[in-house]
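K.L.:
Take the sequences, apply the hints, and build the full model.
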Amino acid sequence: MSDVLKNDDVAKIYIDARGPRFGATITTIVLAIALVTQNKWVLVAQGVVFLIGAVKGPQFTPYGLIFKNVVKPRLKGVAPTEDVRPPKFAQAVGFGFALVAAIGAFAGADLVFTIAVGMALAAAFLNAAFNYCLGCEMYLVLIRALRK
Amino acid sequence: MKTYLPLAIVLALSTAYGFWWKLTRGAIRSQKAVPGHLLNAEILGEALGTRATMVQFSSAFCTPCRATHLLLSQMVQSMNDVKHIQVDAESHLELVRELDIRSTPTTIFINKDGIEVGRAAGTPKRDQVLAALANIG
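Order-wise, the sequence lines are chains A and B.
According to our numbering, the first sequence is numbered sequentially starting from 16.
According to our numbering, the second sequence is numbered sequentially starting from -19.
Hints listed in this document are in silico derivations from the structure and should not be mistaken for laboratory results.
It is possible that part of the hints are untrue.
[What the hints assert, rightly or not] Quick list of the computed label-pair ranges, beta carbon to beta carbon:
(1) B/-3 to A/92: 50 to 56 Å
(2) A/118 to B/59: 50 to 56 Å
(3) B/12 to A/158: 30 to 36 Å
(4) B/9 to A/145: 17 to 23 Å
(5) B/57 to A/71: 35 to 41 Å
(6) B/-16 to A/28: 22 to 28 Å
Using N, Cα and C, we set each Cβ at its ideal position, and we do this for glycine too.
P.N.:
So, in structure tokens, the structure goes:
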């Protein structure tokens, strides 16, 4: 019954679970600045970070590298690990919002920019503050809606 | 042009939602059960437990699914009449729709006849699982 979950072909890489949460904290701050200043270039920069996170994995984004080189050496205790796929999914969702926001901003639709950045900010904030699992809540709803 | 209003709205709404989410994850709720739906060995591909079965729906993009699987599979090791079955939600969308499962992990508690008596979205606590299982006769 759980063939797919046990499938070894699906690459399973485990990363330090504190990394994506640190990244979400930085993301929250960056997106809050983008929302308050309505500055599209701040959003574009965050969009590039999301893209790296979605394609390569959150451990390869600038925030992931700061975590690995600056934060992690100062943390004590055993690192909790997590499968890289859930945070990758969250980064992809973030990229989707950032893309919509960027299109809105460059097309002159300020309201689209504000709403899309607000959605991305909400997701990043929930992840940072509550350890919210975007993949848990969104993935099934998405495939239920998209697939017959 | 600076505006703090959208930021304030986003933070207020997501804080409220975040607290609600934290409170409801893991709680085993009987009133959420889908009545009249029967799960059996044919649907699940494995025999049911003689008293109760915990059917855990999981997905690939779900960190707490692993913790839930570890907890439940370890708990049933000492129980000979309760089984834990993990189902990949994505490859069983029809069943997921019938049972109206919206997030992973969702664990359905069924009795020996395959009737749902409760469900938990998120990772349930060990004590709650024990209490829920004790109520299944």
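K.L.:
Hint by hint, note whether the structure agrees.
P.N.:
Now for the hints, and whether the structure bears them out:
1. B/-3 to A/92: 50 to 56 Å: With Cβ atoms ~30 Å apart, the hint is violated.
2. A/118 to B/59: 50 to 56 Å: 54 Å, holds
3. B/12 to A/158: 30 to 36 Å: Violated, at about 21 Å.
4. B/9 to A/145: 17 to 23 Å: 20 Å, holds
5. B/57 to A/71: 35 to 41 Å: 39 Å, holds
6. B/-16 to A/28: 22 to 28 Å: 40 Å, violated
In summary, the numbered hints that this structure violates are 1, 3, 6.
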